[in-house]
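Colleague: Those protein sequences? They're chains L and Y, same order as listed. Number 42 in my numbering belongs to position 42 of the first sequence; there are no gaps in the numbering. Number 1240 in my numbering belongs to position 240 of the second sequence; there are no gaps in the numbering.
It should be emphasised that the hints constitute simulated quantities derived from the structure, not laboratory data. Bear in mind that the values here come from a model prediction, so they are computed numbers and not experimental data. Hints are supplied without guarantee of correctness; some may be wrong.
What the hints assert, rightly or not - Computed from the model, here is a short list of chain L residues facing chain Y with C-beta under 7 Å:
1. E48
2. K76
3. D95
Heads up, the beta-carbon is just placed ideally off N, CA and C, and yes, glycines get one too.
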Amino acid sequence: MFSFPNLGINTPILNFLLVGVGGQGTILASNVLAELGLAFGHDVKKAEVHGMSQRGGSVISHVRWGEEVHSPIIAKGDVDILIAFEKLEALRFVDQLRPYGVIVINDHNITPVTVSSGNFIYPSDETIKEAIHEFTRRDYWVNGVKIAEELGNNKISNVVILGALCGLLNQDPESWFNLIAKKVPGKSLNINRAAFFQGISEIAKEH
Amino acid sequence: MKRLLSGNEAVARGAWEAGCSVASGYPGTPSTEIMETFALYPNVYAEWAPNEKVGLDVAIGAAYAGKRAISTMKHVGLNVAADALFYVAMTGIEAGLVIVSADDPSMHSSQNEQDNRQYAKFSRIPCLDPSDSQDARDYAIAAFNLSEQFDTPVLLRLTTRVCHTSGAVEVSESQANLPEPGKYPRNPLKYVMIPANARQKHPVIEARIAEIAQFAENFELNRVEWRDTDLGIITGGIAYQYAREVFPSASILKLGMVYPLPKKLITDFAAKVKKVIVLEELDPFIEDQVRAIGVNLFLHSEHDSREYPMTKSIFPVFGELNPTIVRKAAKRAGLYNGEIQDSDWKVDVQLPPRPPTLCPGCPHRSSFYVLNKLKVPVNGDIGCYTLGVAPPLSTTDTCGCMGASIGVAHGASVAGDKERHVAVVGDSTFFHSGIAPLINVAYNKSNVITIIMDNRVTGMTGHQENPGTGKTLQNQETVSLDIQALVRACGITKVLTVEAYDVDLIEKTLRQWLKEDGPAVLITKEECALLPAARKRYISLEVTDQCNGCTVCFRIGCPAITKSAELDPKYNRPLAEIDAALCTGCEICAQVCPRDAILFRNQMISKAN
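The shape of chain L in the complex, shown without the other chains (with noise of 0.2 Å):
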């Protein structure tokens, strides 16, 4: 059983949805958290689904931990933690959340064309909230973009959310970033490194 009992957790199976933007680090962050998976003993099923864009499309991966799982894709209304690298993708996936399941969400908007050609208004952080707060309050906020670019690297804000997403679940961060370390080139190891321990610690401030 997984049980995290101050996130209202507890369930033989822990369903992770990773939703971003094509180029945002998405899928690394998924492939991290299934060898995470792995490495601890469970049986892992991590889905990929993506369309035909390379970049700007909505990227989704489906990531399961448990004693032995099946469908590699979540039942709508299963899902135990959805990590979106992107608010508007938050909001599209909000509904595949369990009651009161949690949220975690890199606060950063990426306009899509269908905004940017005038044919759809992006809603406001208000509207976003607001909307998450119908489904679940636990929703934790990271501003991920901001702490990769003072970091110096605007694409590691994917290591900020996984930081984050360990220091939620009271992980012990070394065994998660030696796996992260893995995935990313060595040149960037320790701007990574301090990406993070620095979404740690801003989950750390949240809480």
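Model the placement of chain Y on the given structure of chain L, informed by the hints.
Modeller: What follows is chain Y alone, placed relative to chain L:
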């Protein structure tokens, strides 16, 4: 030790462990990573062929020569390779031959969701259908053995969800110990399919499939999992996982080989359970066969024949399954009593969609911008440039399959269509199946204008080498095909190669050609903006205070150009803004801006200095 492998990686692993040493295929989502992974194993030969038909011929050639071989493709690729499939089904092989078809239920990146299990039945060869990564590795090995045991090619049929799901896989570190191939066969009775030999062969392959059906009764990949006998589920492929997820207490007959089927195993299973159903994705492939052997499947009373045609009793015939769809269909049939999170649990905000678009800096964008201005009918093709159909470019009128663009445009021309047709095709698609139709345009003298968008790579499937790139799959230097010379050799005399970002030259050339008669080919050449070398050249451009919000730059549909919150004081319309994180500095926007309000690269550089 268990490794985390995707289904595609697991197939490559299984093939390597089985001693497969030759692989040839064509990239196609969701199959591409099989070849990319296999190519990295020691002592193997792996290549990208120009198309699936060539790839399968190559694998057949290797299997005739006594080496285990594999050919990989997406489902629609097997249509291209079908001619080869049908002759090798007749001839058989010397060493194991596995044909991998990666199907795409729900059409995540395909033009149809054809169910390629049908090809196995059609060509009388066995079909294995793995349900996860462990199966994918195990079945790949089993497929080679089966191939040699019955002198038949084997279809290893995957689906997107199996290909792109990673799971724990137990692997072996050693490879099968295979005998060295003997002398190349001189056996025309077996390998030369002239009518006299083919007539001899047809009864042989009919007998072979009957023999394999007998073998299937005790084949280890077909297995019964006894649980509660109220409900029995016959299933195969990814659907097995949904059966376990949704019906944890049901008994299951898991068919690892979905063609030919083990009749006795099925009838025995059906006899021991109260209700028996078939759970499978797409076509009623198993279901039809199970009915044909006389099994009475459970049918619920509220069967909706519009949504679920009569041939399939409970589950939909279209789209990828998932636990929610399976639960809903089962609930309607009275087979599931649990709660389902239904559709009223949803966000009450209008969400801007994020449709696939041409990337910022895409070298295809300029041609589509010009084509949109010229308002000519455009016959498109399969690749990133299919996205020219998306607004605001909205410039593709047809797109059916690989290589269709030029032939379809020629058809309009010879039919006497009053408008001049432009065919648009990418470099890799041109090599795949665009050359023959271009020869046809020249030979049969139509006036089609073809644009070959040469972005120096096979783009949409994630940057694979092709005959134009000068590199092979295994990273060897090789010849780089000269497209312009090839086009001339096809008999086209009016050919021009331009830089793909040069909006003015593309427009000027096309306008001129549209006034003249006869076929012409414009090659727009520029590396895909996502290639590493192109990334090194990124410079973000800027909008100056000359912008008055005229909207022309919005019409190129670049994700890096957005409407800012600031309004032009005179016209009260939003000014353009460039997202520095997305802009690559391709200058298409700067070229189309009528007020020179977007700085060019050299202006950005001199500004920085």
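Colleague: Please verify that hint: L:K76, Cβ, nearest Cβ of chain Y, below 7 Å or not.
Modeller: OK, holds: L:K76 within 7 Å of chain Y, min 5 Å.
Colleague: Given L:D95 as an interface hint, is its Cβ closer than 7 Å to any Cβ of chain Y?
Modeller: 5 Å, holds
Colleague: With a cut-off of 7 Å, does the beta carbon of L:E48 approach a beta carbon of chain Y closely enough for the hint to hold?
Modeller: Result: holds, 5 Å to nearest chain Y Cβ.
Violated hints for the displayed structure: none, as all numbered hints are satisfied.
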